[in-house]
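Chain by chain, the residues run as shown.
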Amino acid sequence: MKATGSKDAVTSAGSDQPAFGRRDPDARGYFGAYGGRFVPETLVAPIEELTAGYFAARADKAFRDELDQMLKHYVGRPTPLYEARNLVGGSVVAGPERTRPTPSDVRVFLKREDLTHTGAHKINNALGQALLAKRMGKRRIVAETGAGQHGVATATACALLGLECRVYMGTEDMRRQALNVVRMQLLGATVQAVDAGSRTLKDAINEAMRDWVANVTDTYYLLGSALGPHPYPLMVREFQSVIGREARAQILDQAGRLPDVVVACVGGGSNAIGIFDGFLEDADVRLIGVEAGGEKIAPGCHAARFAGGSTGVLQGTRTFILQDDAGNIELTHSISAGLDYAAVGPEHAWLRDLGRTEYAHISDAEALEGFTALARLEGILPALESSHAIAYTMQLVPTLKPGSIVVVNLSGRGDKDVQTVIDSGGRVLSDPADGR
Amino acid sequence: MSHLRDTFARLREQKTPGLVTYVTAGDPDLDRTAGVLRAIDRAGADVLEVGVPFSDPLADGPVIQRATERALASGTTLSGVLDLVRSIRADIRAPIVIFSYANPILRLGAERFADRAREAGIDGVLILDLPIEEAADVRDMLVARGIDTILLLSPTTTDDRLRRAAALGSGFLYAISRLGVTGAREVLADGAKEMVQRIRRVSDLPVALGFGISKPEHVREVGQWADAAVVGSALVDVIARGGASHDLHTRVEEYVRWLKS
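Residue numbers (my numbering), protein chains in the order written: chain A, 1 to 436; chain B, 1001 to 1261.
A portion of the hints provided could be inaccurate.
These stretches of chain A come out as covered by chain B in the derived footprint (C-beta under 8 Å, 3 or more residues) [to be verified]:
| id | region |
| --- | --- |
| 1 | 23–37 |
| 2 | 44–50 |
| 3 | 204–210 |
| 4 | 325–332 |
From the structure, some residues in chain B lie toward chain A, with a derived Cβ separation under 7 Å [what the hints assert, rightly or not]:
| id | residue |
| --- | --- |
| 5 | Asp1056 |
| 6 | Pro1062 |
| 7 | Leu1152 |
| 8 | Ala1184 |
By construction, these hints were calculated from the structure, which means they are not laboratory data.
The beta carbon of each residue, even a glycine, is placed where N, CA and C say it ideally should be.
Next up, chain A with everything else stripped away, as it sits in the complex:
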């Protein structure tokens, strides 16, 4: 059994060098009708400086090489592509009578971003942008965080590169991701509580942008998802595209062909756009993003922008957002802090218009089932964000033809979510009945 990715195979496939510059948005930062730069005037010049800095960096082989070396030796890339044989056809009830998959069954592979240093894909982007900030001569970093994974990744990159770091985080998210708050503080970052609006990711972004607008001369805003004004959606996608490049080479190596379906959860959409990017030109590969269905698809109860949203402008970009009739942003809800956001990355909205990507949603309860299943059947605690992708895959697999191959982006690990799972009635204790 060849269960994990071979680093040699990835390298020999020639995929370790980014192919920057494919599928750039237009000069104004538009992917079709989506994207752009809807920012206060004070931020226009800093964003133009950032755009110039970014394009110069990505054209510079020395910059790419430095980032590649860090991704390899510090982050631990390439991350494995692991075939989850138990998840398919398995039952959450552990024990001898668990159904085993047959060779003709669907094969599911997990792209193990949870195994990166800091435990989520966020580090790919945080390191890339922190290196860029340093190159641009900025000494102070501000960032927002929802689940805390981007905050931890940014605090880590700042510790490594000697940059001052301030992370804005909603008080609701600080409560449910308390472990990550401490991790950031231990890494030397200041965590600034944001007690406004829904006290989640959107409010943290507002506050981070207010900080940036007041400190543009020495401060770099390290945005964590494929959101915000141009060039962030492009830049974050390109830093995350390493996931898709590796996954494509690995699946060819391990399965001998491309997958039929790629599945990833979508909050802002950075892990999804990162893995999708590797397969966008493979027309036969279905790309499915999974949004947070929350409690139900009704205003304030979910974060499924493509299920309950419409086009609008939020935090610098034109995209699908959850809004009321007056154009105010609706409150969102998801059990996973990282998916609990009212806008989706503009490139997702464009790819959906083109018919290249599809989007589904998974409820809080289903996500918890996905979490439990992966823990019990594969010995992996997934982040609640990634659990949405797992849960969707479990529903999708029975509908696929035997022999189909699915690649799922396991975007982060679930240590941070343990308390949320317990509070939500997740089955964490070994019930004696389970073992029989």
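With chain A's structure known, arrange chain B on it following the hints.
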């Protein structure tokens, strides 16, 4: 003729520093905003900016954020603000400028917004998060209806962009005196005068300077080199303190008279 252009021409003729005021509409509710706007007009403000509350006011400091929350809690929408202005327009002498974030306007639709703004007697529109590059559609709709597009200029705005704003904007140019979000300050920003002078070199449009202005001495100082000073957060704070009181309108009127003193 543009009401804004006439107003600033008169101020220049009289060599009087102008006062532009900002209030968040619907704080504490639209009925009281109607009275507040009448009081400000009586007190002699030269231009009234009427802020549309938005759920995510990322360019605003705490004072206007709280006002926005109160306004949204009272059910204020862009549509309601336009109805309010329409209902009181005949009572108000000064030009009225709608001050909004982009999304409420885009949600209503640029053309429908422009039609309703004209019906309401709106003189100018300023959209905080719609820089020149994104503003073309809305601007065209407004220009076609004789409504001025007020553009913001910041200390970070390059000379090239200043020239483009001068060409595309009308009514007046709104210069932000400092980096950062809205909010009253004790002292004027260093560089505010240079900012205005930089604009003067590329444009004859009137310049109003805002962000951080809260006292008559600020207004007088700004008036020495700009056409007008904008007072926002400090006035919103007066309304916040006076919110439910029976003499709210008197307090607002006295504060604006004091600013003009």
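How the hints compare with the structure:
1. Here's how the region 23–37 of chain A fares: 3 of its residues keep a CB closer than 8 Å to some CB of chain B, so the rule of at least three is met and the hint holds.
2. Here's how the region 44–50 of chain A fares: 3 of its residues keep a CB closer than 8 Å to some CB of chain B, so the rule of at least three is met and the hint holds.
3. Counting residues of the region 204–210 of chain A whose CB falls under 8 Å from any CB of chain B gives 4; the rule of at least 3 is met.
4. Taking a C-beta to C-beta cut-off of 8 Å, the region 325–332 of chain A contributes 5 residues in contact with chain B, enough for the three needed, and the coverage statement holds.
5. Checking aspartate 1056(B) against chain A: minimum C-beta separation of about 6 Å stays under 7 Å; hint holds.
6. Hint status for proline 1062(B) relative to chain A: violated, with the closest Cβ pair at about 9 Å, above 7 Å.
7. For leucine 1152(B), the suggested interface contact is upheld, since its CB lies about 4 Å from the closest CB of chain A, less than 7 Å.
8. The closest approach between the C-beta of alanine 1184(B) and any C-beta of chain A is roughly 15 Å, which is over the 7 Å cut-off, so the hint fails.
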